Each structure stands twice: as C-alpha cells, then as structure tokens.
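Just so you know, the sequences run in chain order A and B.
Going by our numbering, the first residue of the first sequence is number 1, and it counts up by one from there.
Going by our numbering, the first residue of the second sequence is number 1001, and it counts up by one from there.
Read the hints as simulated data drawn from the structure, not as lab findings.
Just so you know, these numbers come straight off a predicted model, no measurement behind them.
The beta-carbon is built from N, C-alpha and C at its ideal position, and this holds for glycine as well.
Be careful, since some hints might not be right.
Derived list of chain A stretches under chain B, where covered just means 3 residues or more per stretch with a C-beta under 8 Å from a C-beta of chain B [as the list claims (entries may be wrong)]:
{"hint": "1", "segment": "76–88"}
{"hint": "2", "segment": "179–191"}
Between beta-carbon pairs, the in silico distance windows are [as the list claims (entries may be wrong)]:
{"hint": "3", "chain 1": "A", "residue 1": "GLN215", "chain 2": "B", "residue 2": "LEU1168", "range": "38 to 44 Å"}
{"hint": "4", "chain 1": "B", "residue 1": "SER1042", "chain 2": "A", "residue 2": "VAL135", "range": "18 to 24 Å"}
{"hint": "5", "chain 1": "B", "residue 1": "PRO1045", "chain 2": "A", "residue 2": "VAL135", "range": "30 to 36 Å"}
What follows is the residue order along each chain.
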Amino acid sequence: MAQLPDHLLKRAAEARAKAEGRPVDEILAEMKGESSPAPATASASGAPAPDAGSNSGSLRDLDAESTQYGIPKELLERAMFARARKDGTPVPAMAGAAAPAASATAAAPAAGPALAAVVSGPPPGVRTQRLLTVVQAGAIQGTTKEPADKVNVWPHLLAIEFVALLAMSAFLFILSAFMDAPLLEFANFNEQPNPSKAPWYFLGLQELLAYFDPQVAGVIIPGFGLAALAFIPYVDRNPSVRPSSRKFAISLFTVFFMGAAVLTIFGSFFRGPGFNFVFPWSDGIFFDDLLAILE
Amino acid sequence: MADGNGKTSVKSAAAGLGDHIRNSEVWTSIFRPGSPMRADYSDSPRNRAYVVMNNVLYHLHPVKVKRHGIKLSYTLCLGGLSFFLFILLTVTGIFLMFYYRPTSPQAYFDLQALATDVAFGQLVRNMHRWGAHIMVLTVFLHMTRVFYHGSYKPPREFNWIVGIILLLLTLLLSFTGYLLPWDQLALWAVTVGTNMAAYTPVFGAQVSFALIGGIQITADTLLRWYVLHVLFLPFIITIFMAVHFWRVRKDGGISGPL
Ligand code: HEM
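Can you make the complete structure from the sequences, with help from the hints?
Structural data, given as structure tokens:
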C-alpha cells in the first residue's frame, strides 16, 4: 500500500474527527497505525492460520467495521448473511465465519480477540473501492481524428479575412466612385432596343438561342446542366483529390466551364443589332451592363 | 496620474479615464473574457482561443483551423468574399430602400433623384450594382475552386448541393434586382430572360405567368420582383448560407490539402 503524504492523511483525519467527534490526534495516530492494532501482514504469514470456521477468532465486530470502512452496518450485515447462505456456513451473531473467498485475502489471521475488529483488507483508515466493471469509452459521435497541423483562427485567419474585406471594400468603393451604374431611358413597352440582351450571366444561354430551338436552349440545356452540376459528387466516385489522379473529371469540367465562358463572352461582345455576329473592335460593343466604361 | 510638477497631464488623465471605462461593469459585461477590448488582455494561447470562443464569431469559426486552410492560395477567400459582398449588398440595399418606390413611373424617377438629390445616393447605388455583379462572379469562381480541389467529395457532397442552391438564389437575386430601375435596359433584359422561362415544357405559360405576375411585364411585375428581391430571396438565401457554413464546419472544416 502506497504511503499517503502526510498532509493528505492530516486532512482526512481532520474530516473524520469532525464527523465522529473524536480528537484529531487520536485518529491520525490510528491512521498511521501507531496506536491501533495494525493488521500486521507479517503475522498473516507467520502465524499458522487458525481454522476460520471453528474458531471464535473470526468474530466480526460490525460496528467497528462500519465506522472503519464507512459502510452502513445494515449492508455489512446483509452481506454477511448472504455470504453465509451462499457458502452454507453458519451465521453466528457477530461471530460469523469469514468467507472462504475472503480468506484468500487474509481474513483469517486475526489471532486474538483484540484483533477482532480487523478482519481483512487494507490498513485502518484507508477506504477501499472495488472495480465493478470497466465501461468502454465510446463517444456518441465517433471521432477519428488524425493529428493535424493547426493554427489559431485569431489572429492568423481573422487577420487575413480582415485584409480581404478591406481590399474588396476599397476596390468596390473606387470602382463605384468612377463608374456609374447605367440608367437608360424610361421603360417603354412599345420600343424594343436592338439588340436586347439579358443580364450577362444569362448571355451564354441567349447565345445558345441563336443555334437551337428555344425549348432546347432556354430550358433543356440549362436544366440538364444544372442537374448534372448538382449530381457531380454522387457521380464522381473517385475518392482522390489529387489533380493527377482525376484528370478525366478535371478535363470534363474545364471543357464545360470554358464552353460556358466562351458562349457568355460571345453573347456579350460579339452580338450586335438583331443579335447578329459583330466584331467588337470594328462594329462597336453592344453590352449595356458596361455602358459607363464603354462611353 | 500626476507628473513631475504636480499637475495631472491630459495624457495620463485620458489614460486613467480609459482604464476606468475598460474596467467598468458595463464594459466588461459587453466584452467577454479574452476579448482584446478588455483591459487585462494579453497575448496568450488561452486568450487567442477565447477571442473566438467567447465571441459571436464562434458561430462561423472554430478556435483553430488547419494551417493549409488559411493559405490565401487555397480558398482565395472566394466563399468568404461572396458572403461579405452579400452583407455589403444588404447594407447598401437598405439604404436604397429609403428612396425607392416600386411603382411605375416613380421607380425610375426615384433613381434619377437618387443621383441628384441624395447625398452619396449615386455612390451607394453604384456600389450596390457593381457589388451584385462581382458577387455573381465570386460565387461562380468559388464553385470552380471547390470543384478543382475536389472539395465536394465525401463528406461534403451535400454542401455542394447547398452551394448549387446558393448559386441559383444568387442569380435570382441579381435578376430580380435587374428590373427595379424600370428603364429600357431593365425592362427588355427581363423580357428576354423571362421569355426563356416561357419555353418550359408543359408548364411554360404557368411558369411565365407566376414569374411576371401576368401575361406580360407590367407595374405588377415590378412590385412582385421588388418583394422577391428585398425580402423573400434574401430571407431564403440567409437560411441556406447558415446551413452552408454550418456544414463546412461539421464536415471537418476546409477540405484537406491536395
Ligand atoms: C452565396 C454563395 C456562397 C457563399 C456565400 C459561400 C460561402 C462559403 C464559404 C465562406 C466557404 C468556406 C471556404 C471558402 O471560403 O472557400 C465555403 C465552402 C464551400 N462551398 Fe460555398 N459559398 C457559396 C456558394 C457555393 C457554391 C455555388 C458551391 C458549389 C456548387 C459551394 C460549395 C462549397 C463547398 C463544397 C465548400 C467546402 C469547401 C471546402 O471544404 O474546401 N458554395 N462556401
């Protein structure tokens, strides 16, 4: 049994003294095994163990045990009876047989009536715990984390974000200071401008209208395109994120992305009156979104 | 407090006042422990954690992120900038709402008046319009960067879907806003755009009718798109953004290095 440090012993003794109304010194001495009879382990091995059943040496002083181990007396009693019943040994009042199982842990060696209080186990003043079971630590959400190289969000990430916000604000502010948003003439239902163009992000579609039936260009292609885009994660089963191992996915996406970009640029800059093909450098740009810089 | 000649200098008095305020109960009740705004702030690992943890920011950021995640070259800040632009657009948009009536012909004249009669009116309108264009761009680019990093792969498949919805909502927000100036550009761009929707198989006529609130674009369309633009769509996109950001964190933060 490991030696408890003095200050802890003293704290325990004080607490016990307070609880039992006895002087601290007495309890402390008892704990240290000075005044109270220690269950000398030497005697356990030295003295020939008297037979537990036949000898009154296995008398149990339940009151003493109760105070010593801090276990209510009724429970000790119940345990004693239960054990006796199970083992088929008689239950003498306050002088019962220590269980054979307990005898393995030196229940028997108590030699005289003076030692009756100490039946088994740890030295006086040390409470014991029994290991009932070990509960496996299983989290509700299994987290399998590999160690990662991490940095504090503050200041590292927040500083970057703050600079990005400032840069974007400055850019937008300066842009807006020098470039006015377009405001043409009042809406006139009877006078359609030529050409009339959708907002730029739809100009790729409007460009498609020049080649296909409106139902194909305006609904079916964008509809399927969007669905295909949404299903990418469920179609692309390749778990790798390394560019070298996903050449096909990257090529396919790039082809479509560039296609959309080219169509949009075409619709924006290479289409003039009647949505006919023009060269922006010779025929002029018909793109009202950017009116302010074009003029 | 007092300097050599026995007088209290203005500077030390100000410092004393500052300390007094920063130690007051009101101040410490606003700034939670670990905040750099507190008098007792010091740069320690514990306080660095507290800055995020004890802050509303904790809804967006964990205390720590993977080192590669904060490299500018990884996200290019595109998602964050999309979000920031959305906030800027909300702020400038509220400003514009003070001066705009979604009726014909007032809408058009309100925008004219904005340019001439309202302090910084034109500037704010410009910021709102260019900001909207830039946001469409950043959202598109954000999507491509997510694709090229393969960041949509498990467990992030669903956040990609949420992203697609955000992209659609962004386009719809931009498109509904396009009509509001009620000028020739607005009217005919929207005419062309909604004409495409009318080609929807089977339900074409109904889709078109619901979209423009009638057989053809009228002042009713203006009101309808205004409500969609300033109330309905921002409300919906805010919800989806919340889900989006939440999933970014629940899926383990920014995806791993390539
Ligand atoms: C209004 C539009 C959007 C906003 C405000 C937004 C915001 C964000 C932010 C702040 C992040 C954190 C990482 C980063 O900045 O790159 C993020 C990540 C992500 N976004 Fe978006 N996003 C938007 C649209 C989209 C779109 C259109 C898609 C794809 C179709 C998408 C898919 C994703 C995915 C999969 C992630 C996780 C990436 C990773 O873990 O590396 N988002 N988004």
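Verification of the supplied hints:
1. Taking a C-beta to C-beta cut-off of 8 Å, the segment 76–88 of chain A contributes 0 residues in contact with chain B, too few for the three needed, and the coverage statement is violated.
2. For a cut-off of 8 Å, the count of residues in the segment 179–191 of chain A with a CB near a CB of chain B stands at 12, and the three-residue condition holds.
3. Look at GLN215 (chain A) against LEU1168 (chain B): about 20 Å separates their beta carbons, and that is not inside 38 to 44 Å.
4. Hint check: SER1042 (chain B) to VAL135 (chain A), Cβ distance near 41 Å, so the stated range 18 to 24 Å is violated.
5. Judged by the Cβ atoms, the range 30 to 36 Å given for PRO1045 (chain B) and VAL135 (chain A) holds: they are separated by roughly 33 Å.
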